[in-house]
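Peer 1: Take these sequences, add in the hints, and give me the full structure.
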Amino acid sequence: MELKLLRHPANPLLSPVSYHGWESKFVFNCAVVFDGELFHMIYRAQGEDMVSRLGYAVSIDGVNFNRLEKPVFKPASQWELYGVEDPRITKIGEEYYMVYTAYSPRGTRVSLASTKNFITWKRYNVVLPDMNNKDAALFPEKIDGKYVMLHRIEPDIWIAYSDDLVHWNNFVSIAKPRSDYWDNLKIGAGAPPLKTPYGWLLLYHGVEKSERPVYRLGFILLDLNDPRVVLKRSEQPILEPKEDWEIFGGVPNVVFSDAMVEFGGKYFVYYGAADNHIALATIDVQEVSNWCES
408 MELKLLRHPA NPLLSPVSYH GWESKFVFNC AVVFDGELFH MIYRAQGEDM VSRLGYAVSI
468 DGVNFNRLEK PVFKPASQWE LYGVEDPRIT KIGEEYYMVY TAYSPRGTRV SLASTKNFIT
528 WKRYNVVLPD MNNKDAALFP EKIDGKYVML HRIEPDIWIA YSDDLVHWNN FVSIAKPRSD
588 YWDNLKIGAG APPLKTPYGW LLLYHGVEKS ERPVYRLGFI LLDLNDPRVV LKRSEQPILE
648 PKEDWEIFGG VPNVVFSDAM VEFGGKYFVY YGAADNHIAL ATIDVQEVSN WCES
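Residue numbers (our numbering): 408 to 701.
By construction, these hints were calculated from the structure, which means they are not laboratory data. Possibly wrong hints are sitting among the right ones.
[To be verified] Once the Cα atoms are required to be at most 27 angstroms apart in a straight line, the calculated DSSO-like pairs of lysine-lysine come out as:
| # | residue 1 | residue 2 |
| --- | --- | --- |
| 1 | Lys673 | Lys649 |
| 2 | Lys602 | Lys616 |
| 3 | Lys529 | Lys549 |
| 4 | Lys529 | Lys498 |
| 5 | Lys583 | Lys639 |
| 6 | Lys583 | Lys411 |
| 7 | Lys649 | Lys432 |
| 8 | Lys553 | Lys498 |
| 9 | Lys583 | Lys553 |
| 10 | Lys616 | Lys639 |
| 11 | Lys553 | Lys477 |
| 12 | Lys583 | Lys477 |
| 13 | Lys498 | Lys602 |
| 14 | Lys639 | Lys593 |
| 15 | Lys673 | Lys523 |
| 16 | Lys477 | Lys498 |
| 17 | Lys593 | Lys649 |
| 18 | Lys593 | Lys583 |
| 19 | Lys639 | Lys673 |
| 20 | Lys523 | Lys477 |
| 21 | Lys583 | Lys529 |
Peer 2: And the structure:
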């Protein structure tokens with residue numbers, strides 16, 4: 408069986424705001440967490456200077472979001488001269504940890520910050536140094552006594568382990584592009600993995616090599632005890648650019664997600680559309696469970 412996400416009729420949820428200089432051009436890739444009462448969104452935006460900053464929005468239903476007028480996380484080091492990009496947030500203990508991409512003339516680096524309120528942040532700075540790297544996502548719990556992170560050394564999805572969330576080692580490639588598939592150019596982790604009875608459910612993006620590369624979404628199921636082991640992977644994409652606002656934009660032909668939340672018997676997948684808007688697509692949890700079991 409193959410899965411397909413259903414676009415929400417309220418799409419797009421967030422778009423650029425012309426009178427906010429920092430988010431006047433593009434509003435896209437976001438992290439979203441649900442704390443049992445509220446949905447908290449940290450999203451990437453660019454204005455006239457094309458520097459990426461992160462904004463905050465909040466919702467009670469996961470669809471209608473109210474956003475702050477000013478960014479809550481801005482570039483703060485030489486590694487971030489071009490911006491802070493593509494956040495992914497995981498709750499570990501009582502804190503929310505955000506891995507994000509620091510972008511500068513030196514390249515892209517995986518960086519880390521934490522918060523309890525989404526407004527004030529503790530910075531740990533670059534945690535995967537000495538290499539271009541991005542698309543990082545933390546597991547919500549330790550495995551065999553270690554923190555675990557997915558990341559992307561192009562073109563594969565890799566895994567790494569840590570004792571303290573800052574120093575990482577044991578890098579292993581766990582999934583690669585597939586020739587003659589929709590993800591034949593490069594792949595990367597999407598939302599932080601969700602624990603299910605069948606394994607760690609990972610939303611990921613795959614890119615097809617073409618004159619205009621196309622970004623699509625799929626699922627990977629990882630072993631609960633050894634997430635280096637891939638149990639299952641989408642044969643067909645679960646979401647691909649279809650709407651005009653997904654095909655045309657800052658970067659055309661893109662659906663790209665950093666966030667998947669379980670709510671009301673569904674998975675809510677928040678995604679950036681053509682690097683220009685933020686949108687929502689959903690799928691029944693039971694449908695995904697059936698896929699995992701089949």
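Peer 1: Against the structure shown, which of the earlier numbered hints fail to hold, in ascending order?
Peer 2: Numbers 2, 11, 12, 21, in rising order.
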